[in-house]
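Colleague: Chains B and E, in that order, give the protein sequences.
Quick note on numbering: the first sequence equals residues 0 to 451 in numbering that gives the first Met the number 0.
Quick note on numbering: the second sequence equals residues 0 to 451 in numbering that gives the first Met the number 0.
Everything labelled a hint here was simulated from the structure, so no lab data went into it.
There may be inaccurate statements among the hints.
As the list makes no split between identical chains, a pair holds if one copy fits it or if it spans any two.
[Claimed, not checked] In silico DSSO-like cross-links for lysine-lysine, where the CA-CA straight-line distance does not exceed 30 Å:
#	residue 1	residue 2
1	Lys209	Lys242
2	Lys242	Lys417
3	Lys417	Lys22
4	Lys181	Lys242
5	Lys242	Lys86
6	Lys242	Lys285
7	Lys86	Lys201
None of these values were measured; they are calculated from a predicted model.
Read off the chains here:
There are 2 protein chains.
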Amino acid sequence: MTTPTLPENGEHLLARATAILAKGSQIEIRNLVRSLYPAEAAFVLEALEPEPRASLWRLIPPGVMGEVLIELNVEVATALLAITDRKDLMAATEQMGADGMVDLLHVLPEPLLSQVMESIGVHNRNRFEQALSYREHTAGGLMSQDVLTIRADVTLDVVSRYLRLRGRVPAGTDSLIVVDRKDSFQGVLAISQLLTHDPHTKVSELMDTKSPGISYKTPSRDVAALFERRKLLSVPVLADDGKVLGRITIDDILDVIREEADHSLMSMAGLTEEHDMFAPVVASAKRRALWLGVNLLTAFLAAWVIDLFEDTIQQIVVLAVLMPIVASMGGIAGSQTLTLVVRGLALGQISGGNARGLLFKEISVGLLNGLIWAVVVAAVAGVWFHNPHIGILLGAAMLINLVCAAFSGVAIPVLLQKIGVDPALAGGVLLTTVTDVVGFMTFLGLATLFLL
Amino acid sequence: MTTPTLPENGEHLLARATAILAKGSQIEIRNLVRSLYPAEAAFVLEALEPEPRASLWRLIPPGVMGEVLIELNVEVATALLAITDRKDLMAATEQMGADGMVDLLHVLPEPLLSQVMESIGVHNRNRFEQALSYREHTAGGLMSQDVLTIRADVTLDVVSRYLRLRGRVPAGTDSLIVVDRKDSFQGVLAISQLLTHDPHTKVSELMDTKSPGISYKTPSRDVAALFERRKLLSVPVLADDGKVLGRITIDDILDVIREEADHSLMSMAGLTEEHDMFAPVVASAKRRALWLGVNLLTAFLAAWVIDLFEDTIQQIVVLAVLMPIVASMGGIAGSQTLTLVVRGLALGQISGGNARGLLFKEISVGLLNGLIWAVVVAAVAGVWFHNPHIGILLGAAMLINLVCAAFSGVAIPVLLQKIGVDPALAGGVLLTTVTDVVGFMTFLGLATLFLL
């Protein structure tokens with residue numbers, strides 16, 4: 000008895016691909032390319048440095064190029080399109096359905112786009128133009144128009160014969176959508192019902208009329224949350240008048256959740272999830288420069304606060320030694336609260352109702368931790384510099400800063416969300432500004448008041 | 000024509016639940032509870048403060064308690080179990096399948112656990128003990144044992160009749176698993192094939208023998224990645240000898256991806272995704288205290304470095320004003336690189352093969368941005384303090400720190416991963432230590448060398 004061959008994990012796949020590309024045997028590379036699923040090819044391409052990436056891409060047959068492009072992040076896709084033969088690309092796009100082509104749209108260069116539009120048939124063009132009219136990051140943009148609908152007044156036997164006649168069902172079909180004469184959504188018939196019931200049963204007896212349909216305008220984020228909260232496998236997408244426009248399946252939701260979660264993580268460092276890990280140095284530097292510039296303003300603001308107390312520091316140099324501790328601890332505590340709140344906001348679990356309670360709780364936590372660590376730093380600093388007064392001031396300043404940090408960690412992201420600014424992106428900079436300014440100000444200010 | 004009623008999003012659901020709980024009409028609360036899906040109830044419970052949370056929980060019927068508990072994060076579930084009547088809990092667990100009960104295991108208190116074990120039937124107990132033997136965060140822990148298998152040598156018609164006789168198919172069945180006489184995995188028959196082909200066709204003619212099975216030992220993370228890369232809807236889980244043990248469906252993967260992505264985000268702030276947003280203040284403070292303590296060590300280390308240069312600062316106080324800029328910019332730039340690498344490692348897109356290329360690229364980016372911003376800070380500081388020398392030193396120190404930050408941002412997480420430490424958790428602290436120490440050391444060191 001042989002053990003079954005199991006698929007390798009990402010690291011192994013990547014290591015194997017890298018090794019094969021490095022050796023450069025054309026046959027082996029071709030075999031590798033042939034064995035890869037489109038999303039696997041995309042995974043490997045994203046993880047390769049520009050040179051091996053280009054050589055791998057050149058060996059991908061035009062027939063699968065389109066599907067690989069859809070899976071790639073925007074920047075990598077754009078870079079690869081630039082080195083792709085125009086004819087290959089036309090061949091690639093022609094093989095794709097309307098939904099796939101829309102996904103490709105935002106990476107296709109303009110002249111090619113018009114050319115593609117002309118070459119596709121009328122039926123496809125209508126679908127394509129329809130698909131184009133939906134906004135990205137909404138149910139309309141996510142859905143597939145490839146939908147199977149049935150009527151409520153037929154028997155399961157009729158449905159089965161219809162399916163056999165049709166010869167195919169759309170990928171990921173877990174249920175058939177039931178509509179009336181006007182194509183309006185009535186409910187869904189689970190495939191499992193179709194399979195397990197007597198063929199003479201009517202659809203109307205088995206269909207689920209409580210299963211939700213969603214508006215094409217629903218934001219992707221809300222669609223994903225609905226799938227998670229209701230354990231859905233697919234959901235029909237409806238027009239304002241209740242007509243069925245398309246269908247979203249759970250595999251589309253996987254991507255939404257991955258992107259959404261990545262978005263919070265990357266935004267908090269001023270990055271985006273759509274960038275190429277191996278983007279050219281100048282392009283990467285340019286993008287990050289802005290973030291560094293914004294943070295530099297914060298740093299200068301903090302420096303300006305310190306400068307206000309130049310005379311105090313001149314007289315007690317030890318203050319300069321200890322002041323970063325106050326700012327740093329505030330920043331750490333604040334970013335814990337901030338991260339908690341950013342995640343809560345992304346999940347929709349923070350609203351007006353509980354924000355106040357959360358604020359109160361976080362401030363209490365800040366106060367308690369402030370007290371504990373204030374005692375510790377006061378003792379350490381007091382012993383270190385043989386000066387209990389400095390220790391006490393340090394502890395007091397830290398306590399104040401930790402409470403401010405907790406307050407800002409809740410208030411800043413909630414306010415940003417309210418005014419429509421991404422709290423994950425802007426929250427960290429604003430928070431650090433507060434904790435730096437408050438940290439330096441209280442410590443040096445208290446020292447000026449009490450030690451001079 | 001009325002527009003269809005569409006499901007509300009998380010914020011609205013939460014706001015409505017909060018309002019109903021606040022008003023306190025028992026009928027309305029009961030209606031709310033009845034309308035909630037288990038995962039919806041969990042979503043609302045997690046977002047509520049302890050008091051309304053408890054009152055909502057008390058109204059949830061024992062029949063759905065188990066399913067709600069599974070959906071809750073560990074801490075919230077544990078807290079609610081503590082206030083749950085023992086009899087209700089027994090009723091709740093009895094209604095769950097073996098797989099569900101395993102999911103509950105890590106939150107059930109020990110005495111109750113034994114009681115539950117005794118009360119369940121032999122068949123369920125065997126399944127339950129089997130399920131217990133798999134490790135969490137592996138395919139075995141993720142899978143459901145509720146599987147439908149068929150033989151390759153029968154016709155579709157036989158399969159259809161078998162399904163009707165059985166009367167139910169497991170949730171999320173997109174394909175039937177084909178096994179031989181010894182229960183060994185042969186391939187899968189897509190439901191779509193079953194639906195669209197002539198009933199007299201044999202399973203062997205239609206089954207997909209290339210579709211993968213995975214070992215029960217496969218880590219959850221790799222299982223999720225496989226679903227994403229191969230666009231799977233379900234995958235059979237196999238024993239070492241190729242026997243089918245169970246099946247993982249894409250809806251389980253949704254949770255894995257959500258948790259995994261949340262894990263990176265939360266770990267980078269020293270938090271975990273399994274904690275209650277409204278945990279008691281003392282418990283929260285205790286957990287965060289450790290993180291603050293670790294960071295305090297870093298801060299004291301930085302202070303000690305500054306202390307080495309007390310004499311220098313005494314003579315040129317402006318240094319104290321400007322030194323946080325160097326440390327802060329290093330921290331920001333470094334955490335950009337760190338985040339990029341932590342995400343790459345989590346996705347499996349960074350291996351020995353490309354780490355060197357990434358290191359080189361990040362250092363180049365750091366160098367370029369260092370040069371740009373060094374000129375800016377040099378100019379600003381030079382003008383501000385009417386001292387070009389200090390400006391030049393500041394720029395030089397920042398340049399050095401940004402390059403160090405880029406190097407550490409790649410090297411630290413890659414090394415941590417290699418020695419089996421979570422790079423998301425430990426990476427940030429180590430990185431800040433480097434950027435603080437290097438930042439203060441170079442700026443104050445250069446000043447001591449050239450300005451005194």
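Colleague: At 30 Å max between alpha carbons, let me know whether lysine 86 reaches lysine 201 within a copy, between copies, both or neither.
Modeller: neither (51 Å within a copy, 42 Å between copies)
Colleague: If the cut is 30 Å between Cα atoms, do lysine 209 and lysine 242 qualify within a copy, between copies, both or neither?
Modeller: within (16 Å within a copy, 39 Å between copies)
Colleague: Cα distance capped at 30 Å. Does lysine 417 pair with lysine 22 within a copy, between copies, both, or neither?
Modeller: Classified as between: cross-chain Cα gap 25 Å, same-chain 55 Å, threshold 30 Å.
Colleague: Evaluate lysine 242 and lysine 285 at a C-alpha cut-off of 30 Å and name the case that applies: within, between, both or neither.
Modeller: Result: close neither inside a copy nor across copies, 47 Å intra and 54 Å inter.
Colleague: Measure nothing new, just compare the shortest in-copy and cross-copy C-alpha distances for lysine 242 and lysine 417 to 30 Å and report within, between, both or neither.
Modeller: neither (33 Å within a copy, 54 Å between copies)
Colleague: Go through the copies and call it for lysine 242 and lysine 86: within, between, both or neither, with a Cα cutoff of 30 Å.
Modeller: Close neither inside one copy (39 Å) nor across copies (48 Å); limit 30 Å.
Colleague: When Cα atoms must be at most 30 Å apart, do lysine 181 and lysine 242 count as within-copy, between-copy, both, or neither?
Modeller: Within one copy, since 7 Å is at most 30 Å while 50 Å is not.
Checked against the numbered hints listed earlier, the structure breaks hints 2, 5, 6 and 7; every other hint is satisfied.
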